[in-house]
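Visitor: Order-wise, the sequence lines are chains A and S. Read in UniProt numbering, the first sequence has 117 at position 117, and its numbers run on one by one without any break. Read in UniProt numbering, the second sequence has 30 at position 30, and its numbers run on one by one without any break.
Be careful, since some hints might not be right.
Stated by the list, open to error - With a cut-off of at most 30 Å between alpha-carbon atoms, the simulated DSSO-like pairs for lysine-lysine come out as follows:
1) A:LYS128 <-> S:LYS128
2) S:LYS128 <-> A:LYS12
3) S:LYS128 <-> S:LYS12
Because the hints were derived from the structure by calculation, they are not lab data.
Here is how the chains run, residue by residue.
2 protein chains.
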Amino acid sequence: MSDDLVIRPIGKVESTLTDRADAPRQGDEGAPDAWLVFDESVREGLRDLRVGSEILLITWFDRARRDELLVHPRGDLARPETGVFSTRSPDRPNPLGLHRITILAIDGLRFQVRNLEALDGTPVVDLKPVLGDLTER
Amino acid sequence: MSDDLVIRPIGKVESTLTDRADAPRQGDEGAPDAWLVFDESVREGLRDLRVGSEILLITWFDRARRDELLVHPRGDLARPETGVFSTRSPDRPNPLGLHRITILAIDGLRFQVRNLEALDGTPVVDLKPVLGDLTER
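Same shape as in the complex, but just chain A:
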């Protein structure tokens, strides 16, 4: 059964961000444009994504610590320790990143995106549409 809970990455991030100390806290706080490079095996699943769309991206913070339950929000030691599930810290038991990004360009399996603070090489796990009103689903 535990075999069912293994993430199989569908691609990876290409970014000029390589050091966690340099990464912005959130994508809309000065992240550079980056690329998502997908595996050939998921090509068909990507076919309805369009330039200009705003989507949700799930990544796996592969350089995070999984044993943290209390963190200082935004790494600011002046702020009191907070339960990790009330924060967006990458350090958490299952280090999934959730990013709201915009697709800037599509070149085959390469997608250029805006507002992604993930580091170069970060595994890409999933993409989902932002849910609109009931009538648009």
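Fit chain S to the supplied structure of chain A, relying on the hints for placement.
Guide: Coordinates of chain S only, in the frame set by chain A:
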């Protein structure tokens, strides 16, 4: 390295929903109130969550198919097949569910929540705050 991409569930869903055919398509389309039951090992990480808060929940759809790349949106055969990453289908390469829920009650490690369409027994993977304006982070 692949060992790093193993999800370790932090709890599970308790719900009256047991059959996928009966589950609503999204949590705000008639899902019953449900409970999240967390593992003792993550108690400290939960301590700043409050009744009334709206949060994001990530689950693992353990009864989903991982080999689907094209689906009919909302299971409606009248709608054309769509690349899975443009849909919220549970059937997807990494079957993570993303749910926006409200905490109705907290009883130790048991949290009652509104708007959760996940089935009974679904593994709970992560909780994250909804991101507010820059000034509130």
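Visitor: For every hint, state whether the structure bears it out.
Guide: Hints and how they fare:
About 16 Å separates the Cα atoms of LYS128 (chain A) and LYS128 (chain S), which keeps this hinted pair within 30 Å; it holds. Using a Cα cut-off of 30 Å, the hinted pair LYS128 (chain S) and LYS12 (chain A) holds, with the two alpha carbons roughly 22 Å apart. A C-alpha spacing of about 16 Å is found between LYS128 (chain S) and LYS12 (chain S), which places the hinted pair at or below 30 Å, so the restraint holds.
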